[in-house]
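Residue numbers (our numbering), protein chains in the order written: chain V, 915 to 1198; chain G, 915 to 1198; chain W, 915 to 1198; chain F, 915 to 1198; chain B, 915 to 1198; chain H, 915 to 1198.
Misleading hints may appear alongside valid ones.
Note that the list lumps identical chains together, so a pair holds whenever it fits in one copy or between two copies.
[As the list claims (entries may be wrong)] Listed below are the simulated DSS-like cross-link pairs for lysine-lysine, each with C-alpha atoms no more than 25 angstroms apart in a straight line:
hint	residue 1	residue 2
1	K1089	K1157
2	K917	K1004
3	K975	K1089
4	K1198	K928
5	K917	K928
6	K917	K982
7	K1157	K1117
8	K1089	K1198
9	K975	K1096
10	K1089	K917
11	K1037	K975
12	K1198	K1096
13	K1157	K1198
14	K982	K1089
15	K917	K1198
16	K975	K1015
17	K928	K1089
18	K1015	K917
19	K1089	K1119
In short, the hints are calculated from the structure, not lab data.
Protein chains: 6
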Amino acid sequence: MLKENRVTFIACDKTYEEAEFVLWGAPFDSTTSFRPGTRFASGTIRSESFGIETYSPYLDKDLNEDAKVFDAGDLELIFGESVRVLEQVKEMTAIIVSDGKIPVMIGGEHSLTSAPVHVLSEKFPDLEVIHFDAHTDLREDYLGNRWSHASVIKRCHDILGDGKIHSFGIRSGEKEEFYWAKEHIHLQRFNFDGLEETVECLKGKPVYFTLDLDVLDPSILPGTGTPEAGGVTFDELRFAISKLSELNIVGIDVMELSPHYDHSGSSTAVACKIIREILLTFSK
Amino acid sequence: MLKENRVTFIACDKTYEEAEFVLWGAPFDSTTSFRPGTRFASGTIRSESFGIETYSPYLDKDLNEDAKVFDAGDLELIFGESVRVLEQVKEMTAIIVSDGKIPVMIGGEHSLTSAPVHVLSEKFPDLEVIHFDAHTDLREDYLGNRWSHASVIKRCHDILGDGKIHSFGIRSGEKEEFYWAKEHIHLQRFNFDGLEETVECLKGKPVYFTLDLDVLDPSILPGTGTPEAGGVTFDELRFAISKLSELNIVGIDVMELSPHYDHSGSSTAVACKIIREILLTFSK
Amino acid sequence: MLKENRVTFIACDKTYEEAEFVLWGAPFDSTTSFRPGTRFASGTIRSESFGIETYSPYLDKDLNEDAKVFDAGDLELIFGESVRVLEQVKEMTAIIVSDGKIPVMIGGEHSLTSAPVHVLSEKFPDLEVIHFDAHTDLREDYLGNRWSHASVIKRCHDILGDGKIHSFGIRSGEKEEFYWAKEHIHLQRFNFDGLEETVECLKGKPVYFTLDLDVLDPSILPGTGTPEAGGVTFDELRFAISKLSELNIVGIDVMELSPHYDHSGSSTAVACKIIREILLTFSK
Amino acid sequence: MLKENRVTFIACDKTYEEAEFVLWGAPFDSTTSFRPGTRFASGTIRSESFGIETYSPYLDKDLNEDAKVFDAGDLELIFGESVRVLEQVKEMTAIIVSDGKIPVMIGGEHSLTSAPVHVLSEKFPDLEVIHFDAHTDLREDYLGNRWSHASVIKRCHDILGDGKIHSFGIRSGEKEEFYWAKEHIHLQRFNFDGLEETVECLKGKPVYFTLDLDVLDPSILPGTGTPEAGGVTFDELRFAISKLSELNIVGIDVMELSPHYDHSGSSTAVACKIIREILLTFSK
Amino acid sequence: MLKENRVTFIACDKTYEEAEFVLWGAPFDSTTSFRPGTRFASGTIRSESFGIETYSPYLDKDLNEDAKVFDAGDLELIFGESVRVLEQVKEMTAIIVSDGKIPVMIGGEHSLTSAPVHVLSEKFPDLEVIHFDAHTDLREDYLGNRWSHASVIKRCHDILGDGKIHSFGIRSGEKEEFYWAKEHIHLQRFNFDGLEETVECLKGKPVYFTLDLDVLDPSILPGTGTPEAGGVTFDELRFAISKLSELNIVGIDVMELSPHYDHSGSSTAVACKIIREILLTFSK
Amino acid sequence: MLKENRVTFIACDKTYEEAEFVLWGAPFDSTTSFRPGTRFASGTIRSESFGIETYSPYLDKDLNEDAKVFDAGDLELIFGESVRVLEQVKEMTAIIVSDGKIPVMIGGEHSLTSAPVHVLSEKFPDLEVIHFDAHTDLREDYLGNRWSHASVIKRCHDILGDGKIHSFGIRSGEKEEFYWAKEHIHLQRFNFDGLEETVECLKGKPVYFTLDLDVLDPSILPGTGTPEAGGVTFDELRFAISKLSELNIVGIDVMELSPHYDHSGSSTAVACKIIREILLTFSK
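Chain V on its own, in the form it takes in the complex:
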């Protein structure tokens, strides 16, 4: 008798019970103001993940042996309904968190990040956020939409308050956003300078890690909605992630891959490798 066709990110084939991490896809891009398509990211990442190895020569660890990940597939989200979609993501996160596991969301657009941050902030009132991105994402609203992907870090600030968000790699935004940031969050322009000090301060605290892949230079990752020149290299990002290994990470997301603008497939290959490094870095 033949078996059902189970599809996962490579080597993320543990059972739900034994899993430390629960990875799932959030195919949603309705508020994307420039070029949509991040809805295709999680599906493409799964199938292309079989082009990378499970072993990391950087960390000398292997997804098969050193990580326990359950891949729950994709949520079926309601296009065009931001508010209800955020509720759907909250429900998903709540299940995983209440089972004592770490949620790993594969976006989809960045706006979704406020949902797991909301859920986790209820469990961990002292939650902090590490944020790697090209864009500030600090608009109060975008054309009147408060749930736009251009407003997501502002929404996280609504939840967490001043001083809890630590942004790195930021190189694009409105003038007002950069000036507002100076008083309300920690914002490092262009690169990862100061990351070690931040890690030192956050040790022991619960931390959510949100990665907008467009922090990478578009030469490394052209497949994203709003390519923004002047970004970090793959090795800089990989090294920055490895520095987070001593933190108490309680939730993760990897957002904004847009595969239809990735004609060579190399952006997706980068995303897969970064996800592997993240899972191996934070596995215990």
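Let chain V serve as the given structure and place chains G, W, F, B and H on it in line with the hints.
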């Protein structure tokens, strides 16, 4: 002194005052359930329209001489907020209609059609709709969203009631939609059979014409969100449009071109030519 | 607790026990002489199948209600080793056939067809083959490789002997192949003329149906390794398949979609719709 | 000892001395007003020609046995210098014609056609032209450039005078061009109606055959600079060419394939097959 | 009443009278020897410019507040007629210069640069040129065409004489060009070494700045006609431009983006960001 | 009389007799496990090589004057038959080697490298291999296929034994491969550290140089079957090659370009430039 850079669909450069038709773009695709990208249609159609001629050898008429069209550019719509976007489209339509001109909307996704139908039905209580499409678009809702592009003809029926909608070319939908249609609208499967009789019945009445470009076979128009094999040819569509010339058309839309899936540019060229034929057919 | 991520062709989610058909993917293209890439077909077909409806307005039947199909996922085939791959496909077919179910292989390149034909000919010594294709596929070998996709119908003839193969739509091949065909198989050039008579003759006999999607015109299905102008339309193919409904079909394959040459996605959408029509046509 | 790498259109590998036809590429597109790229046609056609068969099942003839063609490679043309490029093409044609062979030019943009027509009209003062195209190409000039591809048939008329040009399939142009044509050339709109009568009239006379591939519908041949909906099918074109077999063809060109807009490769495959049919039709 | 559709580069919407800079597009690529398509650059740059921010975090300046730019749209240039096109560009430049404004040309191919240099050298006899490029562009002619894009810097030298041209980033050319350069211009291979000294020398003099975007590495900007590996990074280019801020810039061009080879859109995004930085750097 | 159409890599047009190097193409990719397409590399490299210059400003040498290369065109290899294809490549290499010339193979997939290594090891029993690659390629077999491209360096080790292979740039592979490598070959992870010492050791010995182009970062060379982030830059690779100039190179290959994933053409341009640098570096 140099002039400002005015950009229009080819030869649609009349003043607002002298115009019979007002064309505008509605770049919105947030409820699109499969592949987004119709937001790029109106901009691409304008720039590529300079690849076609203003003269139609089919009709022996020329956009320069035989049509008075003002191109108002694109609306700036709020991604991810269907309900508010429909309000924006209603406002635009209301201005044009109150000035005694005929609105011509270039989509964008099909969900927007309910907005001008709503506005026009207030001015013309006996409004009828001619609908060319591959899909029924008759779902009550799609994953709970009543304003989805898969529900737009159902929303028009909410406004107009039984017997006022005349669909042609339909070749895809849920079983329930096809069965529901039998009792509430006129639905011609696969082709334009019966169009002449319909036109005969509708003479003198105010008619809205909504064209979902995916009524064309994907070999003719691959650049659309949900390509659906078994469609009509360019000549069949062109000929069907010409049959509508005796109707009292009070509003028009041309929807669902998705240029990023049109790598050869031929889908956009088809859309431009169809828009030219529509404008020349209905110009007085 | 969350469920595993099961992935199937749309609505092919029955259990193995209750299934009448077992569908699986055969991602192999190592002998392809011109442009490879059919290895990507089965995976792409599954994910894109959610863009079509489960209901066929042509047949008034629905995959959810009227077909019992189990999707077994993809075989993991050994690239570069034709002979061993054919063994792998034979094993898969043998399991399904011995369980009294009908195998439905999604290629991959056409060379694989000889494997299920071999297995089924042992169970059904009077097996006949209906073959829709653009190409003769009757070379004794291709550069010395007898298992090339250009030789597959010749290999089927080795198994079945004269008069058992019925080819339609053929419009490309070497001169020798066309002349050889006249004495050994039934070959209809360019179209489906004579299909009804063939069906009449084959009634009651066990029949294998092999569909090389390049029988379609490249305007309908550009996404294939060797596009061959002058092919049949979607409606001609759909109608030809419906004519086979009275046959005793014991095995099926649908081969040679090459998604990386299908930039608009319309070839894959055609393939999905054809597979739906095939499953609904042959379901009892 | 290894041989040099000779590259030809498939089976066009005869010596110059024994050849009846001399085929060459003219990679030039500097006057193209919309989308350039036909410069890539001849190179791409040669390499992709190995994807078709040498045998035509339509004509039961084979390029290996039934045609004697020498492929002279590509001319190196001076981009941006229309007048000098036309001189280069005239020189090439003159060599071939003076050696009693038939020139077969693979474009490149259509503007080049006036060069071989000029050369051949000197040898054959009663030269007639058969012209298949989507566009009239009858502008006196395009933005002041008399050698534009939009003016090429007007330039041929300058050479040949009234009544010598026979255009078919025309479906795009300025109003003035269509009206001018009525008095000076034979112009059949949209299709090949009347071709048989034309062939009857031209029997015995020297005829130049110029084929702008955009006469085909863009669904068949999207890879061209100015796709123009409403064109002929592959079978209609193939059949029209076969009707020309009784004419005394003294020169041929096949123009306006633009491979970079042909992402699936099917446009190039169509062009290759049409060239095969042309060579086999006119071979003696 | 609705307004006309004015289209500009983002925030370049000042009136002609108040503008300090006049930006316009020069869609011409007829002499391009390898891959054409720069004709599409200016149109694409305008529409994609809405994907970047008006604010530069590098310069802490904003296009809305800190720059006065009028966008005059595109010139309609005569394809295939280099000499006449250069006259058209000269006329455009002369208008702007005589109105005391700074011309900013968006190419188009590099050959056009000699036109504004010619016009400006008449007003400023001591004009110097800063030239960033991958290629020497110093051929006397290319296949006999003196106005080719491969000869443009040689043409500028014809106008300006020895020692007035300062090239940086050069990594490709004929041997003779590199040797000739040693005696007639300042040419820095591969990078921007020595730029500060050059700026020091040129202070107070009128300077034309011509930027061939292929000075960037193809990983940063693949969308160009002749990608040339080994180029500078985005940050290196941005920093080099900022060093020019103290110069008396009297004319600017940004050339050779070819959007049809930029499938991810990231090359265009880079070009937009560079144009923003240039406008903000040189605004007073 | 016109000449035959000889096609070579730019300036590789010497006669076989006078040549020091013999370059040929090996279009084979049947064992490629992820994305095929390297079969298209050699043909594309030849035609695109005319976009680069023959002169290297890095080496101040020119292909026309400083290198004697004969281009023998492509082998016609048997798809799907690894073992026989390796025999074909061995035969080709043997001819060239026996004529005292240096073979330069343009792949095609990396599996072919074992063929020239086998031939050369018979002539030079003390042969060493310099190997630049992203991947270990040290699997004993891949799904049972010992001749897979994932096993090629293991096959070379079968021939040469311990300590003769020197791998650089390796950043992907199975854990077992990395551990096995420690005892049997020299493997430098990620970069070219230690290359100078290796060169010092190998001076005077016969050395085969095999370059898998995916050693480059995918931002530089996206057009390859398995893009692997974190690679070397163009300048790092170019500099590493220049360091090899003092070695006694007896054979060369350049493998794994996959042009159909190189939509901008920049990967092919990189490959051409690297081949030029290699030929100029090793020419005497």
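Status of each hint after checking the structure:
{"no.": "1", "hint": "K1089 to K1157", "in the structure": "between (30 angstroms within a copy, 23 angstroms between copies)"}
{"no.": "2", "hint": "K917 to K1004", "in the structure": "between (32 angstroms within a copy, 17 angstroms between copies)"}
{"no.": "3", "hint": "K975 to K1089", "in the structure": "between (43 angstroms within a copy, 8 angstroms between copies)"}
{"no.": "4", "hint": "K1198 to K928", "in the structure": "within (15 angstroms within a copy, 38 angstroms between copies)"}
{"no.": "5", "hint": "K917 to K928", "in the structure": "both (16 angstroms within a copy, 12 angstroms between copies)"}
{"no.": "6", "hint": "K917 to K982", "in the structure": "both (22 angstroms within a copy, 16 angstroms between copies)"}
{"no.": "7", "hint": "K1157 to K1117", "in the structure": "within (12 angstroms within a copy, 42 angstroms between copies)"}
{"no.": "8", "hint": "K1089 to K1198", "in the structure": "between (41 angstroms within a copy, 19 angstroms between copies)"}
{"no.": "9", "hint": "K975 to K1096", "in the structure": "between (39 angstroms within a copy, 17 angstroms between copies)"}
{"no.": "10", "hint": "K1089 to K917", "in the structure": "neither (56 angstroms within a copy, 29 angstroms between copies)"}
{"no.": "11", "hint": "K1037 to K975", "in the structure": "neither (31 angstroms within a copy, 42 angstroms between copies)"}
{"no.": "12", "hint": "K1198 to K1096", "in the structure": "neither (35 angstroms within a copy, 27 angstroms between copies)"}
{"no.": "13", "hint": "K1157 to K1198", "in the structure": "within (15 angstroms within a copy, 43 angstroms between copies)"}
{"no.": "14", "hint": "K982 to K1089", "in the structure": "between (43 angstroms within a copy, 18 angstroms between copies)"}
{"no.": "15", "hint": "K917 to K1198", "in the structure": "between (31 angstroms within a copy, 24 angstroms between copies)"}
{"no.": "16", "hint": "K975 to K1015", "in the structure": "within (21 angstroms within a copy, 44 angstroms between copies)"}
{"no.": "17", "hint": "K928 to K1089", "in the structure": "between (46 angstroms within a copy, 20 angstroms between copies)"}
{"no.": "18", "hint": "K1015 to K917", "in the structure": "between (27 angstroms within a copy, 15 angstroms between copies)"}
{"no.": "19", "hint": "K1089 to K1119", "in the structure": "neither (32 angstroms within a copy, 34 angstroms between copies)"}
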